[in-house]
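Chemist: For reference, the chains in residue letters:
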Amino acid sequence: MSTKPVTGIESRKTDRQDAWWIEPLFTVLSLGLFGLYAFWVALNRQHYEYGPYLSPFYSIPLPGVHAKDLDWLAISPAFLVLWIPLGFRATCYYYRKAYYRAFFWDPPACAVPELRKAYKGERAFPFVLNNLHRYFWYLSVPVVAFLWYDAIKAFFFEDGFGIGVGSLIMLGNVILLSYYTFSCHAWRHLAGGCLNCMSKHKTRYTLWQRISRINESHGFWGVVSMLSVWFTDVYIRLCSMGTITDIRLF
Amino acid sequence: MSTVTFRVFRGDRNGGELKDYTIEVQEGMVVLDAIHQIQAEQAPDLACRWNCKAGKCGSCGAEVNGKPTLMCMTRLDTLDTSKPVTVRPMKTFPVIRDLATDVKWNYEANKKIKPFTPAPNTDWIMFQEDVDRVQEFRKCIECFLCQNVCHVLREHDEKTGFIGPRLLVRTASLEMHPLDVENRLDMLKNEGGIGYCNITKCCTEVCPEHIHITDNAIIPLKERVVDEYYDPILGFFRRLFGSKKQTQAPSSGQAADD
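For the record, the sequence lines run as chains D and F. Residue 138 in UniProt numbering sits at position 138 of the first sequence, with consecutive numbering throughout. Residue 224 in UniProt numbering sits at position 224 of the second sequence, with consecutive numbering throughout.
Excised from the complex, chain D in its bound form (with noise of 0.2 Å):
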């Protein structure tokens, strides 16, 4: 029989014997390398349309405005979209829940002793601003909606309607940006969360259960749409920069 001390240096490892840091470094190179190609894209100002095709990136939720009537602005047309779903985002549960455990180690993993002593949580700035997060839904809804008419656009080309890669590109990520802001915890509360007789509430009641039924993978739909975006765009840039070609399926 052999003993082995216990430590106050031993209390600050963890006997984990898993991989548990791949999550993490998985949440830091996915959002680091998507929140750079995002900044680029912004200051880039070049090669966002093809035909029909207008990347997220700058789709401007504002009724007749196009990216292109924004040259004159002095920043980047792309910015006055970009704020609000990285508000979205930031704010998000799925979202609080990866930057927490990969970028302030609070904690890395569980059962994984963190590096820093105090920790305040959300109740102090600025953490306490992720209660703001329902604000940040009812500002993307509009976007979704506008991101919808640009998809729906995209089937129209010079020559009347069509369909192109691109067009099903576009398609899917509004899908798949729809699954996400629509499977929102806020909006699983307001929709009918908040209620606690839900028998009095019929509707809701049932808009609660489908939103609930899509709010059980609403990470995935988080990574997903954030992925599609970045390939939305990487797609429409190059089929702009004559790269590839965009194919007609019809």
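Derived from the structure by calculation, the hints contain no laboratory data. Don't take every hint at face value.
Said to hold, decoys possible - Incomplete in silico selection of chain D near chain F, CB under 8 Å:
1) R16
2) Q17
3) C110
4) Y119
5) G121
6) E122
7) R123
8) N131
9) H189
10) C194
11) C197
Stated by the list, open to error - Listed below are several chain D residues computed to face chain F (Cβ distance under 8 Å; list not exhaustive):
12) Y93
13) R101
14) A186
We put the beta carbon where it would ideally sit given N, CA and C, even for glycine.
Given chain D, work out where chain F should sit, using these hints.
Modeler: Okay, now just chain F, sitting in the frame of chain D:
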């Protein structure tokens, strides 16, 4: 039959050490079986709390290879037994002896939650859709693994200003009850410390009853606290039209524990 080494914590609240015990294991064994075998063959004074061996009493919570879990629900074939298997007591609570911890803080903190309070002359008829959510919370077996893994309690020892996921689940079961009229939002925001929770979902990951603690209890409670304290537009309409929520228990005193 194979040989496996278990590195088990031996000691009390003043400290202790990990001791290695090598035993022969059989197919189908769980960690609790191995601990019982160590008790029977090598260390009759090894303390460990257990009762049902079926994942329903919530007594045998421990940390196996660093993961909070019920020993009776952790099969050895899910662990890498080529290396020593470490078994420690739950870190968040004071050790009484070896693997047994003192969880009485949970019962003290529970006193902060106002009990079930129906309205006077309540009609006790309820519909299934009204109690679906609450029934999920009633699956809790009070193993306190969620309390143990919660970093607010585990790392920051915030046991005065935070009640932890188990008690947030209990509060949710009362707040969402169709016949309850008490308001616990002030408790949640202040002495309950719901703002300490940063939704890292470890409580949900370790729950042996698979209760969606974060998505179905804590986040809905956080949203109710936002309704009351952080939503200026809703606050404006509440002041304009009056709140439907009762802030005081009815004076008839029909309070009853749930």
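Chemist: With reference to the structure, classify each hint as holding or not holding.
Modeler: Outcome of the hint check:
| no. | hint | in the structure |
| --- | --- | --- |
| 1 | R16 | 4 Å, holds |
| 2 | Q17 | 5 Å, holds |
| 3 | C110 | 4 Å, holds |
| 4 | Y119 | 5 Å, holds |
| 5 | G121 | 4 Å, holds |
| 6 | E122 | 5 Å, holds |
| 7 | R123 | 4 Å, holds |
| 8 | N131 | 4 Å, holds |
| 9 | H189 | 4 Å, holds |
| 10 | C194 | 6 Å, holds |
| 11 | C197 | 5 Å, holds |
| 12 | Y93 | 5 Å, holds |
| 13 | R101 | 6 Å, holds |
| 14 | A186 | 6 Å, holds |
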